[in-house]
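Colleague: Read top to bottom, the protein sequences are chains A and B. Quick note on numbering: the first sequence equals residues 1 to 252 in this note's numbering. Quick note on numbering: the second sequence equals residues 1 to 604 in this note's numbering.
If you're looking for bench data, these hints aren't it; they were derived computationally from the structure. Predicted model, so just to flag it, every value in this text is computed and none were measured. Accuracy of the hints is not assured; some may be wrong.
Simulated pairs of lysine-lysine, DSSO-like, Cα-Cα distance not exceeding 30 angstroms [stated by the list, open to error]:
{"id": "1", "chain 1": "B", "residue 1": "317", "chain 2": "B", "residue 2": "327"}
{"id": "2", "chain 1": "B", "residue 1": "447", "chain 2": "B", "residue 2": "549"}
{"id": "3", "chain 1": "B", "residue 1": "549", "chain 2": "A", "residue 2": "243"}
{"id": "4", "chain 1": "A", "residue 1": "14", "chain 2": "A", "residue 2": "243"}
{"id": "5", "chain 1": "B", "residue 1": "327", "chain 2": "A", "residue 2": "243"}
{"id": "6", "chain 1": "B", "residue 1": "501", "chain 2": "A", "residue 2": "243"}
{"id": "7", "chain 1": "B", "residue 1": "501", "chain 2": "B", "residue 2": "546"}
{"id": "8", "chain 1": "A", "residue 1": "238", "chain 2": "B", "residue 2": "546"}
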Amino acid sequence: MSREYLNALWELTKRELRRKYARSYLGILWSVFYPLARMALVVFLFTHIFSKPIDRYPAYYFTGYLLYEFFYVAVYTSVTTLRDNKNLIIKSKLPREMFILSRVNTAFINFGLGCIPYVGVLLFYKAQPSLISFLVVFDVFFLWLFVSGVAYLVSILYVFVRDTKNIVQHLLSILRFFVAMFYAKEWVAPGVQKFIEYNPPYVFIKVARDMVIYGVMPELAYLLKMIIYGISFFVIGKFIFNKCKDNVLVRL
Amino acid sequence: MALAMMMLFWAATGIPVEAASADVTFGSESYSAEKGSQFPVGVYIKSDETIGTYYVKLEYDKTRLKYIGGAESEADGVIVLQGTGTEDEIRYMLTFESITGGEAGIAVTNAVVTNEDGTENAVAENHATAAVKISGTDESGVTFDATEEESAVIGTATASDGTILYVVDHSREVPSTIDWKYQAVPGKLGNTDVTYLQNQDGTVQMLYLLDGDDVYHPYAYSSKDGQIYPVHTGLRDGKKNYYMSTAVTGEEVKDESVVLAMDLDGNVSKARLYEDGHLGEAGLVNTLPVWLIVPAVAILLAILVGVASIVYAKNKKAKKIQKKKEKIETRRRRDIALRAAEESGDQARMDAIMNSKEPIISVQNVTMKFKVATKAVSGIKDYIIQFIKGEISYRELVALDNINFDVYKGEVMGIIGTNGSGKSTLLKIVSGALNPTEGHVAVDRKKVQLLTLGTGFDMELTARENVYLNGAIIGYSRQFLDEHYDEIVEFAELEGFMEEKVKNFSSGMVSRLGFAIATAGDAAEILILDEVLSVGDEFFRKKSLKRVKEMIHGGSTVLLVSHGMGTILDNCSRVVWIEKGKMKMIGEPKTVCHAYREMGAANV
Chain A
1 MSREYLNALW ELTKRELRRK YARSYLGILW SVFYPLARMA LVVFLFTHIF
51 SKPIDRYPAY YFTGYLLYEF FYVAVYTSVT TLRDNKNLII KSKLPREMFI
101 LSRVNTAFIN FGLGCIPYVG VLLFYKAQPS LISFLVVFDV FFLWLFVSGV
151 AYLVSILYVF VRDTKNIVQH LLSILRFFVA MFYAKEWVAP GVQKFIEYNP
201 PYVFIKVARD MVIYGVMPEL AYLLKMIIYG ISFFVIGKFI FNKCKDNVLV
251 RL
Chain B
1 MALAMMMLFW AATGIPVEAA SADVTFGSES YSAEKGSQFP VGVYIKSDET
51 IGTYYVKLEY DKTRLKYIGG AESEADGVIV LQGTGTEDEI RYMLTFESIT
101 GGEAGIAVTN AVVTNEDGTE NAVAENHATA AVKISGTDES GVTFDATEEE
151 SAVIGTATAS DGTILYVVDH SREVPSTIDW KYQAVPGKLG NTDVTYLQNQ
201 DGTVQMLYLL DGDDVYHPYA YSSKDGQIYP VHTGLRDGKK NYYMSTAVTG
251 EEVKDESVVL AMDLDGNVSK ARLYEDGHLG EAGLVNTLPV WLIVPAVAIL
301 LAILVGVASI VYAKNKKAKK IQKKKEKIET RRRRDIALRA AEESGDQARM
351 DAIMNSKEPI ISVQNVTMKF KVATKAVSGI KDYIIQFIKG EISYRELVAL
401 DNINFDVYKG EVMGIIGTNG SGKSTLLKIV SGALNPTEGH VAVDRKKVQL
451 LTLGTGFDME LTARENVYLN GAIIGYSRQF LDEHYDEIVE FAELEGFMEE
501 KVKNFSSGMV SRLGFAIATA GDAAEILILD EVLSVGDEFF RKKSLKRVKE
551 MIHGGSTVLL VSHGMGTILD NCSRVVWIEK GKMKMIGEPK TVCHAYREMG
601 AANV
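Start from the sequences, fold in the hints, and give me the full structure.
Modeller: If you want it as structure tokens, here you go:
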């Protein structure tokens, strides 16, 4: 990727951020404040309901929330990207992936901001980071690959089927319940557990939790799934996107 | 035998001093009954203090008697009385039925009574017996003797979770289920002398405590806080391990998922307890998976690189063949352009064509068809309904039909035609925004710059932000934009408006800004202008025309779409006329414009 594309990607990302906070006073601080408030609410609501407590529940929930939210926002906002940027796409010779990636990266920056209070929560609840915790950058990297791949797919699909927007929105809200965000995987029925284990967002969340909160290496199966999901979704998404991108403009 | 061992043990550790004393007696020392009749037997548990918990085991001659009821539990001739009291005496009324005649008996085999606050264990030393004489013939033939099966319960204990359990003297009785290597070591649990089962290095001392159902539960004793902690089993690397809280070693528990694990050989180490009950490494750095990941990632990357290089090599080969074909075609087409130039007598252009190896833009047999649904379909639901009804039908709209022309370096090619004749579609195809249905456009897309009006601006952003956004999309670097920013503002005549949101601009202001950004750089080699020279007021139009002319002189090749015949005639070296998707004419501006006007006049 050449430098001019990177510059364009950065400008596009900045535009998305500016638009997102165009009319708010707190602006970008919302991205820092809201995840923390949400965590506080969930912890307040659920801590005393559970008979078997989860070790460092606030950090446990926060990890799941941040990673899933990145996935959710990136994919959901990517659906309509090609249409939203129709004019720019016609005008520029910028690779069309850039527009998708700008939305993914906007969500990623949002995620990065959410990590600021997250670090505080980790410290406050005495997480046990170790050298392994640094490996979480790989988890985030593969998550980014996975999210980008999915974003490519849904953005292309939307061009052909407009209902994609609704389908994706509902699927994402349903999927939210299957990533063991606010409960432990072991509490649900074995069949559901199996599903959760193979649910890609859960894999990334589980790996991050093990590495950052508990400072241990997750089971090998999860690491392999993390790598496979990341690379395969990205490659497939990009491949289909490239196959279809030329036919897209006619339909916009 | 059990008695002998007990004696030995007492002798070794000294006779315990019992502060409290307790006694269990029967209502009578002997009973008599008819064969086949039911009779009650009273049992009295007495203590000199208020009774807390108690555990009394009775044995009866099961060959001659049948237990009917009255106690907490009975199994195979052994009756257990247990519970919590509130007074210093507890009474039971047991009912038996005689089965056969003879000398039967009931005996207390063990009795442990704990005082109210659980601090003292009193073991009844005087084990009472009651004889039962049953009239009738003796069909049993067995002599009842309970003393040999004496229970080893010597006290009660309270686990950290509050359960009350019965302490067994392991010097007399050890559960048969123990499968790990241990040695019996005397010790104390509270005030009671007990025998601990200890591993080789003495880090773990366990007691197997009995619950009310006579089931053994292992507990680990912590000499640091005097508490006992439950011991569980779990698999570690597929092997059975016992695990317990790390509090056993007196350590402060920071992480409850880290436990003390002991294998069956008695080796103790820390382990992490996972939610599904299996044990794994507790250490911070677990090297094994890291070792596995690194090669796994490396192999994956290697495969990816391999595949990519194969694809790349294949593409390269295909491209080479393609290029050869194109060269031959190019030569043929250049001759056509040369002939046209010769006819018009333009020597300069002939030279230019002769000097350029190949055209800058080569539009070859381009056909563009759009599929237009004859009925609007607005989603899957609509689609399915209409599909079922058989109403899905498309009309083919041919926007461009077999367009062919080349543009050489330095040429200014005008494109004219009535509205909807396909000019903008052609520009989009040339700039690469659209792909033609058939045919091909040979052009270096990196050099192309498409300038259309009012597109690509984000109305929510300020003019300054739009300059950077648009500039970046066109392909300018950040540094370039910083350097040329003032120039752009000046050219667009928008000083003082740059911090305003673009949505507050007039359409003229937006167009001026767009033109200024697009032409800010060193002239793009190929400039495609879609109706931009009719922007703004007269003064700005002159200014922009001047800039476009500068660019042409600077060596840019220009494709120019305009409805202003003046602009076309003044600037173009050649003109293509496209009408309803078909190429009507190509050649001298004057000739083509004249023909175009005539057709227009004929239609009016």
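Colleague: Compare the structure with the hints numbered earlier in the document and write down the numbers of the violated ones, lowest to highest.
Modeller: Going through the list in order, the structure violates hints 3, 6, 8 and respects the others.
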